[in-house]
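Number of protein chains: 6
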Amino acid sequence: MTAKGPILVINPNSDVAVTEALSRAVEPFRLGGGPAIECLTIAESPLGIMTQRDVYEAALRTADLAKARPDASAIVIACYSQPGLDLLRTETRRPVVGMQDAGVLAAMGLADRFGVIAVAEGSIPRHLANLARMGVMSRLAGEVAPARALTVAESGDPSASFDLLREAGTKLKQMGAGAIILGCAGMSPQRGILEEALGIPVVDATQAAVAQALGRVLVGG
Amino acid sequence: MTAKGPILVINPNSDVAVTEALSRAVEPFRLGGGPAIECLTIAESPLGIMTQRDVYEAALRTADLAKARPDASAIVIACYSQPGLDLLRTETRRPVVGMQDAGVLAAMGLADRFGVIAVAEGSIPRHLANLARMGVMSRLAGEVAPARALTVAESGDPSASFDLLREAGTKLKQMGAGAIILGCAGMSPQRGILEEALGIPVVDATQAAVAQALGRVLVGG
Amino acid sequence: MTAKGPILVINPNSDVAVTEALSRAVEPFRLGGGPAIECLTIAESPLGIMTQRDVYEAALRTADLAKARPDASAIVIACYSQPGLDLLRTETRRPVVGMQDAGVLAAMGLADRFGVIAVAEGSIPRHLANLARMGVMSRLAGEVAPARALTVAESGDPSASFDLLREAGTKLKQMGAGAIILGCAGMSPQRGILEEALGIPVVDATQAAVAQALGRVLVGG
Amino acid sequence: MTAKGPILVINPNSDVAVTEALSRAVEPFRLGGGPAIECLTIAESPLGIMTQRDVYEAALRTADLAKARPDASAIVIACYSQPGLDLLRTETRRPVVGMQDAGVLAAMGLADRFGVIAVAEGSIPRHLANLARMGVMSRLAGEVAPARALTVAESGDPSASFDLLREAGTKLKQMGAGAIILGCAGMSPQRGILEEALGIPVVDATQAAVAQALGRVLVGG
Amino acid sequence: MTAKGPILVINPNSDVAVTEALSRAVEPFRLGGGPAIECLTIAESPLGIMTQRDVYEAALRTADLAKARPDASAIVIACYSQPGLDLLRTETRRPVVGMQDAGVLAAMGLADRFGVIAVAEGSIPRHLANLARMGVMSRLAGEVAPARALTVAESGDPSASFDLLREAGTKLKQMGAGAIILGCAGMSPQRGILEEALGIPVVDATQAAVAQALGRVLVGG
Amino acid sequence: MTAKGPILVINPNSDVAVTEALSRAVEPFRLGGGPAIECLTIAESPLGIMTQRDVYEAALRTADLAKARPDASAIVIACYSQPGLDLLRTETRRPVVGMQDAGVLAAMGLADRFGVIAVAEGSIPRHLANLARMGVMSRLAGEVAPARALTVAESGDPSASFDLLREAGTKLKQMGAGAIILGCAGMSPQRGILEEALGIPVVDATQAAVAQALGRVLVGG
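Residue numbers (the numbering used here), protein chains in the order written: chain B, 406 to 626; chain G, 406 to 626; chain Z, 406 to 626; chain U, 406 to 626; chain E, 406 to 626; chain R, 406 to 626.
Pulled out of the complex, with its shape left as it was, chain B reads as follows (with noise of 0.2 angstroms):
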């Protein structure tokens, strides 16, 4: 048996920092006998994935690095903008998963109903639209922003931002969700005690779509 490539993450922005972060997050699925989970940055791209006119930059970048690593077993495109998913589909038989969705599939193989946890009132919207392509809007519970709008390095700091979270999270399951979802990736590092202290299931979106990567590659798709 030939061993898998690595699942490549991709951060499609030049930020470094953040891409430490999100292999921090997918520690847990380096195993024995698994594919290597190798993340990436763009350098050519700017610090963040801000406009329109980046996204589509970014998705044409995006798609050059899954050409130019033939080695990859699958590609996770690690910004919530997802950026060239559906080009990188028509450009590549290998799984290409992307992280908001991902969060979100995860999060309906856990319950009826899931709830979002937004790091601002202002992504609620765009996340809502996102719900709406992909069909899935009478799954969703509610997604609500904390009492005030976090930074994203308030957002992964519990000293900062755990009651915060504590209280949207359990505003959603007042309003009947039964699995919750990380509106933010910098809120990954308070996903298992906040899961611990609402009881219901709390998804990462980054380990959610290195999950489901995982899962393709390791039956050879």
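Just to be clear, a hint being listed does not mean it is correct.
The list treats identical chains as one, so a pair stands whether inside a single copy or across any two.
[Claimed, not checked] Pairs of lysine to aspartate or glutamate, EDC-like flavour, derived with a Cα cap of 16 angstroms:
{"id": "1", "residue 1": "K578", "residue 2": "E526"}
{"id": "2", "residue 1": "K576", "residue 2": "E526"}
{"id": "3", "residue 1": "K409", "residue 2": "E443"}
{"id": "4", "residue 1": "K409", "residue 2": "D476"}
Treat the hints as calculated values from the structure; they're not laboratory data.
Assemble chains G, Z, U, E and R onto chain B, guided by the hints.
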């Protein structure tokens, strides 16, 4: 770091041959450092889950078995009827994965629209009802059965049915499917060669369910 | 012409007081030339159907009771959880009516959009899940609970709760409801005065279920 | 207790033979202690409601007739086009029941998904439009017409059309229908034998409408 | 090339002041080489279309007027209730445009999701019902009324209501609206300044309806 | 009053013959007092937009061209793939109209349900995906291809394909379509004769897009 308990793959009927086939299908997910994967049969059940009463009784037995195994880290209900999925979710905080749902969610993570190959025309309405319950009908490109109904035995034997499956898959591609779900666990041995022939991802529901469970167990959920 | 067998109204819990209240609510449907209407309690059940396990066990008992009464012409499952609705439909060709579904269908026959008065905020997600399963969310104007949660006893007592129910109903009218469903069987005694006060139809689910069963039995179905 | 006024079943066209057939179909609902059921013809209308202008004019006449009969306790609009359904609901607080909607709602109370037997291919799009308006398309298993179009006279005569109806019903069962609606009032006399042959409930829309009206009138609504 | 007949903009009530305002709003569409645009009042109608009976009667009068003007190339029904939209479409092959539908369709052509500014809370359920009928609820970001209800006169006067409209529009932007529909013809004079202030397209339904009619007439439809 | 800048109709490929055909189709919209309508080709593009990479690259070029023409009052993206529709909308406040969406919206303004004539079976899934994205599937009566696939050249030539188009349109009418969209720009020259033959509106998407742009430009939007 404490060891993870095993993932239980529960075959809710009493047919040991089915359980053994499940175990072969999930072999690729037994990895160094990952949880064990145990496939179990429920001896008190009938040989097959055929009637709605079977489903209710199997649900209670599956829930009892889950209770009797507090060491397990996750439960996979390895039957298309998913007996007890909602019941187990109220009785345990561990991940509970239904096989049919998992196959659909995996396919939704691979393509905009998916198709299903049924083992026979008669299964299609029941599958559609589950897609409606899941709220994902808008993602379905179509479901088709082979030109003649297959026995479960034939469904896993390329010499008996590969041409029929390829024909059904080709039709689904023409209907807009970007990924295919095998609508019967028996087809599992043909997953790889069918994917190769069709050029789009082909999903085996048992594998999808275990991959989903694994994704939760590895992050501690 | 042969006499019709009785309509069985099965209270799947063991609380006789509930069964007696059901019998009072359906009194208007006992007509000359029509079938008898028998309200039954299941003695082996707990006093209330509280957990999902209760629902599964009540489903099997309800199905057993239906089997034991081949003389009955129709079965009404008089509990909002509708235990065994799908099971009974596979075991008998007689009409099987679920109380929650019947209330919703009756309201849909009276107005374009309906509202629901819940007994407490906590019931709303469960009701919404059932409306989603029924595929009728687009007909829902809204669901509201009284300003403070009611006990079942209070819910049927005008001096304790009429003002709260009228307030909730008025809010639903403002949200576009053209008919109101009482979201708790306990509210039944206030149906008429609430309808009078609001000027739009108010539906009691038990009565709706028996009316639906009667409609089938009279035509021989 | 005051006597209930009659339920008016208004045939909005001027064909007395149709009105007489309606009266025969609703005979089982004339019960001791229940309201009278009067079937009326609108003499000023054309023999059939054929054009959209006919519908608008019939709507106003139906509303006038309802106004002229304040003694009536409920109004059934006995025509698939349901002329004036929305108009009457703004002009009276009495229950106003549309025949087509009532048939669909009755079927939804009997099975997860329903099928419709149309009298001819040409009626199907109009029926589908009404199901879309009702927001219940997800409950439709399918609608089929007999292999050859039937006249209204043939549709009620077993010797002329029973085999065709059974064939259509069998096809709908294969498509997943758990209940069947007769898509033409003319088929009414074959309801019972068709139900017997198919083994699933068969719904006559006129009867469903009167049953629904009766359910409201008996509780005082 | 033959000259095109005029586009008729029919105000189905008898209020001439309304008709004059309509004529001012559509002035930009009177172009060299294009059709004339005539705005008409129906003298026999009441001053306002208030009841459902008004709607039915206005429908017949609007259809009669359309018949009496075979020279017209298209008909715009300039009333949010769109009386006779379905009737006219069966009686003429000329384009028949409803004002409310046209506003929504224009907004759907400008942004993924749209918002509506209602003149008062009370109009919102009626608008939502029309969006449901159109099957476009998934495109709605939200509908809001100004903080206090406006009279029709106030709604067109910037000194009386511009701040309120801007506030409502800002709220809709936050809810994800990429385009705004003025939910009352009276607001028409403020369209341009509101669009300027909000930075997203603002749609006047009368103008949208005439633009749509013009698009058909110019190509000979 | 200042003159309006031109409406740009951007053909995102480099095939000048296509651009010239677009210009002929929109000739009726060049009116006295209205804006000019300029049809442009993007020379750096390939001859046809075939791959998803073509779409991404065309999107960036279309956005660049829109930026380079600040004098233009509106942008029409004259390609069924609508490259850059979302990108342009974030980079300009001018109206940006996609050709495929515009055709659908125009049809929705003319009839309850619409049909589409595809140029070949293979285009249907892609069209359906766009209707799903638009959230308007419930308005679709059906989409059919001619009995044999047409070349683009044949699609515009009555002697080669009129009978096939009429046959397809007739089938769509039977499926409930009240308006027809030409699913390929090449069919444009047959719009009028097909409308005449079918007796229901036939929509050309290029014309619909320009009409929509014109409607915005004339009111100053």
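Status of each hint after checking the structure:
{"no.": "1", "hint": "K578 / E526", "in the structure": "between (18 angstroms within a copy, 12 angstroms between copies)"}
{"no.": "2", "hint": "K576 / E526", "in the structure": "both (15 angstroms within a copy, 12 angstroms between copies)"}
{"no.": "3", "hint": "K409 / E443", "in the structure": "within (13 angstroms within a copy, 24 angstroms between copies)"}
{"no.": "4", "hint": "K409 / D476", "in the structure": "within (9 angstroms within a copy, 31 angstroms between copies)"}
The earlier numbered hints are all upheld by this structure, with none contradicted.
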